[in-house]
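**Student:** Kindly produce the complete structure, drawing on both the sequences and the hints.
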Amino acid sequence: MWVRVLVFSHSSAVDNLGGAERSLLEFLDAWRAVDPELEVFVVSRTPSGHLQPELDRRGIPWMNLRFHSVVRHRKATTDEHIYRSARDDFAAVRALEQFISGFEPDLVITNTIVAPWAALAAKLSGVPHVWFPREYGDGHEFQIPAEDVFEDIGTLSDLVVTNSRSLRDFLSEWVEAEKLAVLYPRIDIAEGNPPNPQWPFPESAAERPLRLVCVGRIAKSKGQARAVRAVAGLKLLDVHVELVLVGSAADEDRRELETLVEASGVGDRVRLTGELEDPRPVVMAADLGLVVSDSEGFGRVTVEFMAAGKPVIGTATGATVELVDDGVTGALFDPKDSDSLARAIRRYADEPGLAARHGEAAWRTLRDDIASRHTLPPLLARFADVTAAGSAPLPGLPRIMAYWMSLPTTAVNLLTATGGMVDPRTSLTWKVGRMAMAGPRTLLRLLRKGSGQA
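Going by this note's numbering, 76 is the number at position 93 of the sequence shown; the sequence numbering is gapless.
One thing to keep in mind: the hints can contain errors.
What the hints assert, rightly or not - With a straight-line cut-off of 25 Å between C-alpha atoms, the simulated SDA-like cross-links for lysine to any residue are:
#	residue 1	residue 2
1	58	128
2	319	156
3	162	375
4	203	86
5	203	358
6	218	179
7	319	292
8	203	327
As the list claims (entries may be wrong) - Estimated spans, in silico, between C-beta atoms of each pair:
#	residue 1	residue 2	range
9	160	367	18 to 28 Å
10	380	9	33 to 43 Å
11	310	16	36 to 46 Å
12	61	203	15 to 25 Å
13	87	180	49 to 59 Å
14	333	-13	52 to 62 Å
15	347	319	49 to 59 Å
16	21	156	32 to 42 Å
17	319	245	21 to 31 Å
18	176	77	51 to 61 Å
19	299	87	43 to 53 Å
20	310	231	51 to 61 Å
What the hints contain is simulated information worked out from the structure, not anything from laboratory work.
Ideal placement from N, C-alpha and C gives every residue a C-beta, glycine not left out.
**Tutor:** This is the structure in structure tokens:
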């Protein structure tokens, strides 16, 4: 079936190609393999990063826009920051509307929960919209209440596709059941020779320690501090383990973790490598993979550990419980129990050969079960239904629009503070007010149309 699709990515992957961007690219690859006539255009955030070369390599056209997020590391708090963010987001929605008018897509797709601007532009343009949430938002701050973000995902979408049953069940509080679908990411189990193992610690003349690896961006929500504390607790019990933490980090997050390592007295047992172009040699040298984040929407690193034949110790939350069979392919621990992770690690240290047995079982489970959960054809049939039905009427005013309606007050506060109050018809306040109300007026017309009012 020929389809023209506009895809909106919250990120250009400036620092590294993260799981959300990789999953998006793999999804597009799979879709284009099924339908070679599929026409895709990707809009992402400026500046360009690692995403754009990947799009170029695939022959997928793209453009970048300046916009901000409603789910971010630090939310806007000052009047100036709030106003300037909203100004850029208004402009992005307008630019997306104009692009949709010229490109005439059959479908608009938003990747991740971070930015709703393409969803809003699609609804204003009357084009069906599909949302791909990939996360819970743990460790981030919400510019509007979290429940409003999740409610808007349902309000502005004709279909919502999660990457796990756990995330689907979580969103069902705000999104109608008939709008929800699940598509596990595509998993390629590499054939051929694996890379040579490389371990950052020097070889020990004494008994070989248990080797642990954790891969992912270093942040509080990713849980590396849990792993460091577990290593410290095991050191007190004379259980020898080594931990390698692979991943990029903001300066503040890295300093906090390094301080914890030093204060815990495990500088001889923990290594931070920073971002590695290819972490597989370290993974191949490890005995166990750790997934210690608060909650994973899917857990790409989990399946990458399993693909390398490594058992996984993971938090008993989110999609990790769908991937790790406790006591068979790894172990699950309670993140609320400070000793639970250390106990799980110690079992592998105390039972030689257990990690190898669980690692072999993990690889078989990935090959025989988890990889088969990527079922694209039924989802594409849902896409066809959504495209044929058209954009559904709005059931109510999106929460992001209600937030925008408060912005004229923000502009007044900003202008008063800076001495910039002028004639209201030419002031920024007047312009912001008109821009803020333009969307609600359009949406109210759509609401009246959907309810049959004149």
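**Student:** Against this structure, judge whether each hint is valid.
**Tutor:** For each hint, the structure was consulted:
1. Between residue 58 and residue 128, the direct Cα distance comes to roughly 11 Å. Compliance with the 25 Å bound is thereby established for this hinted pair.
2. Under the criterion of a C-alpha separation no larger than 25 Å, the hint pairing residue 319 with residue 156 is consistent with the structure, at around 24 Å.
3. About 11 Å separates the Cα atoms of residue 162 and residue 375, which keeps this hinted pair within 25 Å; it holds.
4. Restraint check: the Cα-Cα separation between residue 203 and residue 86 comes to about 41 Å, which exceeds 25 Å; the hinted pair is violated.
5. Restraint check for residue 203 and residue 358: not satisfied, since their Cα atoms lie roughly 33 Å apart, outside the 25 Å limit.
6. Proposed proximity of residue 218 and residue 179 is contradicted: the alpha carbons are some 29 Å apart, above 25 Å.
7. For the suggested pair residue 319 and residue 292, the alpha carbons sit about 28 Å apart, so the restraint of at most 25 Å is broken.
8. Note on residue 203 and residue 327: the hinted pairing holds, with a Cα-Cα distance of about 21 Å set against a maximum of 25 Å.
9. At roughly 20 Å, the beta-carbon separation of residue 160 and residue 367 lies within the given 18 to 28 Å, and the hint holds.
10. The given range of 33 to 43 Å is respected by residue 380 and residue 9, whose C-beta atoms sit roughly 36 Å from each other.
11. Range check, residue 310 to residue 16: about 37 Å between beta-carbon atoms, so the 36 to 46 Å window is met.
12. Checking the proposed 15 to 25 Å range against residue 61 and residue 203 shows it holds: the Cβ atoms sit about 23 Å from each other.
13. For residue 87 and residue 180, the hinted distance range of 49 to 59 Å is satisfied, since their beta carbons lie about 52 Å from each other.
14. For the hinted restraint 52 to 62 Å between residue 333 and residue -13, the CB-CB distance of approximately 58 Å keeps it satisfied.
15. Checked against the hint of 49 to 59 Å, the C-beta distance between residue 347 and residue 319 comes to roughly 31 Å, which is inconsistent with it.
16. Taken as a hint, the range 32 to 42 Å holds for the pair residue 21 and residue 156, whose Cβ atoms sit roughly 33 Å apart.
17. Take residue 319 and residue 245: their Cβ atoms lie about 26 Å apart, and the range 21 to 31 Å holds.
18. Between residue 176 and residue 77, the C-beta spacing of about 52 Å keeps the proposed range 51 to 61 Å intact.
19. For residue 299 and residue 87, the Cβ-Cβ distance of about 47 Å falls inside the hinted range of 43 to 53 Å, so the restraint holds.
20. About 33 Å separates the C-beta atoms of residue 310 and residue 231, a value inconsistent with the hinted range of 51 to 61 Å.
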